[in-house]
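A.B. asks: Using the sequences provided together with the hints, build the complete structure.
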Amino acid sequence: MENPIFFAYYHSLVLDTSHRIDSPASGKNPHVKVLIPTFLGNEQRNYYGNEAPSRLEVIWKLYLGEGETVISRKVGTKKWKGAGWTGQPLLVMEDSVLYLIQGAYDHHLKKINAETREIVWQYKFDDVVKGTGTIWVNNKADNLRDKYVILQGSRLGVGNYLDSRHIPSYRAISYFSGEELWRLDSKWTDSYSRDVDGSALIINDTAYIGLENSLFTVFDPDYRNARLIDSMLQPRIIQERKLYQEKDVLLHKYNVVTESSPSLLNDHIYIASGSGHVWGYNLKIKELDWDFYIGSDMDGSAIVTGDSCIIVSVEKQYIKGKGGIFKLNPLTEPENAAEWFFPVGDNDFVDWEGGVIGSVGINDQYLSKGNSRLAAFSGIDGYLYVVDHNSLIQDSLVLGPDSLRTYNVPKLVFKHYIGPSISTPIFTKNKLIAASYNGIFLFSYDQVLNFQLLDIWRTSFEATPVVHNRRIYIASRDGYLYCFGEINKNP
38 MENPIFFAYY HSLVLDTSHR IDSPASGKNP HVKVLIPTFL GNEQRNYYGN EAPSRLEVIW
98 KLYLGEGETV ISRKVGTKKW KGAGWTGQPL LVMEDSVLYL IQGAYDHHLK KINAETREIV
158 WQYKFDDVVK GTGTIWVNNK ADNLRDKYVI LQGSRLGVGN YLDSRHIPSY RAISYFSGEE
218 LWRLDSKWTD SYSRDVDGSA LIINDTAYIG LENSLFTVFD PDYRNARLID SMLQPRIIQE
278 RKLYQEKDVL LHKYNVVTES SPSLLNDHIY IASGSGHVWG YNLKIKELDW DFYIGSDMDG
338 SAIVTGDSCI IVSVEKQYIK GKGGIFKLNP LTEPENAAEW FFPVGDNDFV DWEGGVIGSV
398 GINDQYLSKG NSRLAAFSGI DGYLYVVDHN SLIQDSLVLG PDSLRTYNVP KLVFKHYIGP
458 SISTPIFTKN KLIAASYNGI FLFSYDQVLN FQLLDIWRTS FEATPVVHNR RIYIASRDGY
518 LYCFGEINKN P
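228 is the number that the working numbering gives to position 191 of the sequence shown; each next residue is one higher, with no gaps.
You may find that some hints are simply not true.
Said to hold, decoys possible - Under the rule of at most 20 Å between Cα atoms (straight-line distance), these lysine to aspartate or glutamate pairs were calculated in the EDC-like manner:
1. K116 / D515
2. K65 / D132
3. K118 / E105
4. K321 / D304
Simulated from the structure, these hints should not be mistaken for laboratory data.
C.D. replies: Have a look at this one:
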């Protein structure tokens with residue numbers, strides 16, 4: 038499985054279905070329902086699961102391990118434990134059994150039985166696995182192994198550097214067998230990264246992703262259409278477009294990295310880039326034709342709201358003003374697209390200066406009649422913020438990231454100190470869950486926007502949680518994957 042030359046040769050020659058794995062080890066074909074197929078749940082990046090618990094009791098925890106990763110030639114390698122940003126588990130139901138797909142810093146992607154904690158299989162990458170994958174359901178597949186495919190990225194590979202000849206940091210893995218189906222060799226560009234953190238968007242069996250080399254890449258995920266290139270079976274690339282301009286390279290000192298995941302709104306795909314741009318890709322003409330320029334680094338994804346806008350997060354870097362959150366109306370020209378901007382405080386923490394690193398969570402998928410449309414985000418300044426993203430403060434303006442232009446500001450409805458965070462807060466109908474380097478925080482809220490802190494669990498988190506049937510699943514930097522919920526203490 039880990040020998041790309043053998044694997045490519047095998048798949049280029051053996052097409053007889055008698056050689057394929059047609060079912061899981063049970064010998065049965067289960068009924069499969071993919072509940073959370075990609076980062077933040079869907080193509081709009083705004084769904085996080087069905088129902089959250091009211092307490093944070095540890096139902097179980099599973100040690101994910103640790104692994105080395107290259108920081109730079111000068112610094113060398115470091116060991117990281119558990120899992121980090123974005124690190125959200127994918128959820129799949131097979132008959133009545135829930136399974137998690139979790140990337141980890143021990144270099145493995147793991148399929149985990151959510152009831153027994155059993156690791157069903159694990160696939161080894163060349164480096165730590167950071168981002169969240171995407172599960173592609175190939176309805177044209179002629180066997181079970183090829184029908185459910187995980188598209189997953191990793192860091193560039195221990196022993197590799199930016200100038201290495203090949204960096205196959207993005208791969209396709211069978212959900213049922215854990216077998217590698219292909220690997221994508223990330224090109225060396227003006228970006229100083231060849232990792233892959235983003236989660237692909239799948240539309241009509243075509244995949245769209247921004248690699249960290251900042252190439253917006255459109256490709257065919259089906260291994261049957263892959264090609265043998267440099268002794269690796271690689272997916273057919275349909276199109277590549279740069280997510281940066283030449284001037285951005287020097288302004289950002291080659292930090293034009295794209296870490297966000299693309300989202301779909303009408304006939305456009307929207308993606309934020311570390312080059313300082315929010316780009317719109319037109320699916321009709323197959324070109325980037327919308328560009329909202331901010332100038333700062335941006336790592337969070339563009340979140341689609343129920344009123345056909347997008348919400349993006351802004352780091353405090355390369356700008357005179359503050360980082361924060363923009364709500365943009367992409368149906369207008371970029372220079373007039375900003376509905377509002379909400380600045381957050383500056384704070385020197387690790388390598389950050391402030392702003393918001395993670396994505397924004399919204400409650401639009403969980404609204405009842407009369408509810409406010411809420412947006413939650415966690416800042417490097419240590420605060421969790423909740424705003425009504427459809428309500429502006431009258432006669433109030435704030436300076437934008439450039440410290441020159443002013444913008445409307447939304448109504449702040451809740452603020453709570455949780456510690457610096459790069460995780461994305463998530464909503465359910467009446468709960469809000471936020472993780473930080475100080476722990477995970479569980480809040481309830483009602484229709485009149487009364488927020489109450491229900492519980493806290495203290496350890497260090499970078500990843501984003503997901504919920505299902507009153508349980509919360511989230512990986513930590515302490516080495517463990519946690520399942521939180523309510524322990525029934527009745528005999």
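A.B. asks: Work down the list of hints and note, for each, if the structure agrees.
C.D. replies: Hint-by-hint comparison with the structure:
Pair hint K116 plus D515 holds up; C-alpha atoms about 12 Å apart against a cutoff of 20 Å. Distance check on the hinted pair: K65 and D132 sit about 11 Å apart at the alpha-carbon level, within 20 Å; holds. Our distance criterion of 20 Å between C-alpha atoms is met by K118 and E105, whose separation comes to about 9 Å. With a CA separation close to 7 Å, the supplied pair K321 and D304 stays within the 20 Å bound.
The structure agrees with every numbered hint stated previously.
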